[in-house]
Amino acid sequence: MKKMIKVFTVGSLVLGMTSNIAMADSVLTSDSAEQVNAKAGVIQDDSLKEEKISYMSFEGYVKEIKSNNGYTSVIMTDGKSNEVIGQFNLKGDMLVVNQDTATIQALDKIEKGQKIRGFYRKDMPMILIYPPVINPEFIMISSEDTKNFVKHSYFDESLTSIDNNLKLNISDSSVLIDKHGKSIDIEKLKNKDLVVVYDISTKSIPAQTNPKQVIMLEKDADEMPVKDEALEKIIDSGYMANGVNMIPLKQVADHFGYETAWDNAKKTATLRKENSSFTVTIGQQMYGYNKSLQKFEVSPEIKDARTYVPESILELLQK
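As numbered in the numbering used here, the sequence shown has no gaps in its residue numbers, which increase by one up to the final residue, 319.
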């Protein structure tokens, strides 16, 4: 199931139970990231409509930074209001590039108010919720007065972008890295998705630049999604409530090997497996995950003698 962690970026979980937490047939379905983004208002280049471009991006302004059991959650706004437009879940070893300086920086140096942009694959299945919760493969941060430009596109054999707007002239001063921050040579850049940081370019068509930094985006061999048909059936068996897919809690918990217990007096379900535990209460949006409190988009409820919860819980259950 390790592969599924990468596949389902955001999840909502439905656990069906009777007073003894009865098993429920629930099928898991997910839209592609491209479909979810279209509905959630993802910010992206027009050129991303081209089939050869495999990655997409989402951007916002850092409102809040939270530590969540081994990863960092960054809550974002559009920079104009206080409304939350999305959330990034970031791993500690994730590549963070500073657009202002065209250098790699530490994850813990991200600050409130900064502009942040995350890049992730178009083919990554995502749960249909808003605001979207995204697990980017690498991120870029910047300030409002940055003097550097960023171009994300597919670049061909001649290192010209697919929209013919930019051609790269790599020099000794250009820093070439993959999405993990490891150095690569120029040949690896050809016919790939690239994120380019540059300042000066010519006025020709295409414009030419000596880039400061080039990040190659390429799917790792171990990132091929593994289809879990049983989980898909569990999610598909759910229903929509206020725009959120609700799935049977007991069935999905059993799928991932959790032991479940039901307190009928408190209307509370408890899930346990190794060092992980969940406490979910009917009618309450807040739920316990290990020693932290998490919040569902809508409250768990009982339907047909089963407990249902938002699909977003899948992300934590799969860890």
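These are computed hints drawn from the structure, not numbers from a lab.
By construction, the Cβ of each residue, glycine as well, lies at the ideal position given by its N, Cα and C atoms.
Among the hints, erroneous ones may be present.
Unchecked claim - DMTMM-like, lysine to aspartate or glutamate: derived pairs with alpha carbons at most 25 Å apart: (1) 122 to 172; (2) 212 to 108; (3) 112 to 93; (4) 219 to 163; (5) 122 to 220; (6) 273 to 228; (7) 91 to 108; (8) 188 to 218.
Claimed, not checked - Label pairs and their calculated CB-CB ranges: (9) 290 to 202: 50 to 56 Å; (10) 229 to 284: 28 to 34 Å; (11) 105 to 187: 48 to 54 Å; (12) 291 to 105: 26 to 32 Å; (13) 210 to 259: 57 to 63 Å; (14) 191 to 84: 36 to 42 Å.
- Item | Distance restraint between residue 219 and residue 163, which requires alpha-carbon spacing of 25 Å or less | Cα-Cα ~22 Å, so holds.
- Message: residue 91 and residue 108 were given as a pair; does the straight-line alpha-carbon distance stay at or below 25 Å?
- Response: 11 Å, holds
- Within a Cα-Cα threshold of 25 Å, do residue 122 and residue 220 meet the stated pairing? Since the Cα atoms of residue 122 and residue 220 sit roughly 14 Å apart, the hinted pair holds (cutoff 25 Å).
- Regarding residue 229 and residue 284, is the given constraint of 28 to 34 Å on their beta-carbon distance met? 32 Å, holds
- Message: So if I understand the rule, the pair passes when the alpha-carbon distance is 25 Å or less; does residue 273 with residue 228 pass?
- Response: Distance of about 20 Å is within 25 Å: holds.
- For the pair supplied as a hint, residue 212 and residue 108, confirm whether the alpha-carbon distance does not exceed 25 Å. Since the Cα atoms of residue 212 and residue 108 sit roughly 23 Å apart, the hinted pair holds (cutoff 25 Å).
- Message: A range of 57 to 63 Å was offered for this pair. Does it hold for the Cβ distance of residue 210 and residue 259?
- Response: At 59 Å between Cβs, range holds.
- CB of residue 291 to CB of residue 105, is that within 26 to 32 Å? Holds, since residue 291 and residue 105 (Cβ atoms, about 29 Å apart) stay within the stated range.
- Message: Checking one constraint from the list: CA of residue 122 to CA of residue 172, max 25 Å. Satisfied?
- Response: 32 Å, violated
- Item | Straight-line alpha-carbon gap residue 188 to residue 218, limit 25 Å | 10 Å, holds
- Query: At the C-beta level, are residue 191 and residue 84 separated by a distance inside 36 to 42 Å?
  - Reply: Once the Cβ atoms are compared, 38 Å apart, the range 36 to 42 Å for residue 84 and residue 191 holds.
- Query: Can the restraint linking residue 112 and residue 93 be considered satisfied, given a maximum Cα separation of 25 Å?
  - Reply: 20 Å, holds
Violated hints, listed in ascending order, are 1 and 11; each of the other numbered hints is respected by the structure.
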